[in-house]
Amino acid sequence: MSDQVIFKNARIILEDEVILGSVSVSNGIIDSIDPGMTSSKAGIDFEGDYLMPGMVEMHTDNFERHLMPRPKVSWAEIPALLAHDAEIASSGITTVFDALGVGDADTDHVRGKGWEEVLSALSRCDEQDLLRADHHIHVRCELPAPNTVELFKPFIGHPKLSLISLMDHTPGQRQWEDIEKARTFYTGKKGWSLAKFEHQVEHAFKLQEMYCVPHRKYFVEYCQANHIHLASHDDTTADHVKQAHAEGASMSEFPTTMHAAQTAHDLGLLNVMGGPNVVRGGSHSGNVAASELARHDLLDIISSDYVPGSLISAVSRLVNDEILSLPKAISTVTYNPARATGLSDRGLIKQGLRADLVRMRMIALHTTGPQAIVKTVWKKGRQVV
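So the sequence shown is residues 0 to 384, counted in this note's numbering.
Because the hints were derived from the structure by calculation, they are not lab data.
Do not take every clue at face value.
[Claimed, not checked] Straight-line Cα separation of at most 20 Å, PhoX-like style, residue types lysine-lysine; simulated pairs:
id: 1; residue 1: Lys205; residue 2: Lys216
id: 2; residue 1: Lys379; residue 2: Lys349
id: 3; residue 1: Lys40; residue 2: Lys71
Quick caveat, the model's predicted, so the values are computed rather than measured.
Working from the sequences, and respecting the hints, build out all of it.
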């Protein structure tokens, strides 16, 4: 690999504007940004394609999906990781927080099992330089589950752990205010029978009453003691957000109402919404649409959630619908998530930052207007896609 590379004749997406010019990279770091076309033979000619920062994905269930592609079907850890990593990188994501859930009464589900082998696979692949993206760990803690704290133990002190989110998927509140939506999800995605769903709902509130408060206290104190970023999850009311803010959360993941999102904004929390929500035009759970938050300047970060390719598609949708400018839409998948997770060395095309870069091209689609697609990806100046 050459220590120096030049990207020329590109539409460079900067923090507040798009310019035509060239970017020079040395030893994986951006060392200059020069406006204007060039006829120099040196460098990679973008021929007018866009050059954007590599995307930062702070909440994706995609690794879990590869680990358990069907209900009760487990996949080997390293093949699952490499397949996940390839999909992430080809979507233009150069930094990913693998969301791994702990706590599930159903031991047949991936979140009801131990994570030791998965963490070992991550370490082995990282040590052998097999991963295209830069991987971090986001632990999603299901507060009402009896085994949440026990299943969290392998993550204690792990160097890759830098984000924890607090979840409560008890049907009838937060994400699952609509019980019928919950029934569809659990019988569909998780493969539960109707009888099993009804049984779980019957005991859900008892588990919530027994475990939510002590588990929440445990994880909040762990984050505070170990300088781990904290996120709330599925905030519905102002009180949900105020509690998260008092506990030190910096993000509100997937607020379900406009009121919760506005409260988060007022308190300085960054609102995270799903890319699929943007692309589909609404939430599959029947909650507030991400585009509505964007129209009210309340959308800070887009997460791919369960479709890695939804990040670039969500950017296209927000720009096509004239809700956000291209630089502002790009910031929701680059700079803002990097800032929220403490990664100050990436997320912008700026001198001195990491050369995590994506060549993006706009293609014409008859149904939805211009669609951004990922052509090439570089991590620290090295081509990985």
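Each hint tested on the structure:
The suggested pairing of Lys205 with Lys216 holds, with an alpha-carbon distance near 18 Å, which does not exceed 20 Å. At most 20 Å may separate the alpha-carbon atoms for a hinted pair to count; Lys379 and Lys349 meet this at roughly 13 Å. Our distance criterion of 20 Å between C-alpha atoms is broken by Lys40 and Lys71, whose separation comes to about 55 Å.
In summary, the structure is inconsistent with hint 3 from the numbered list given earlier, while agreeing with all the others.
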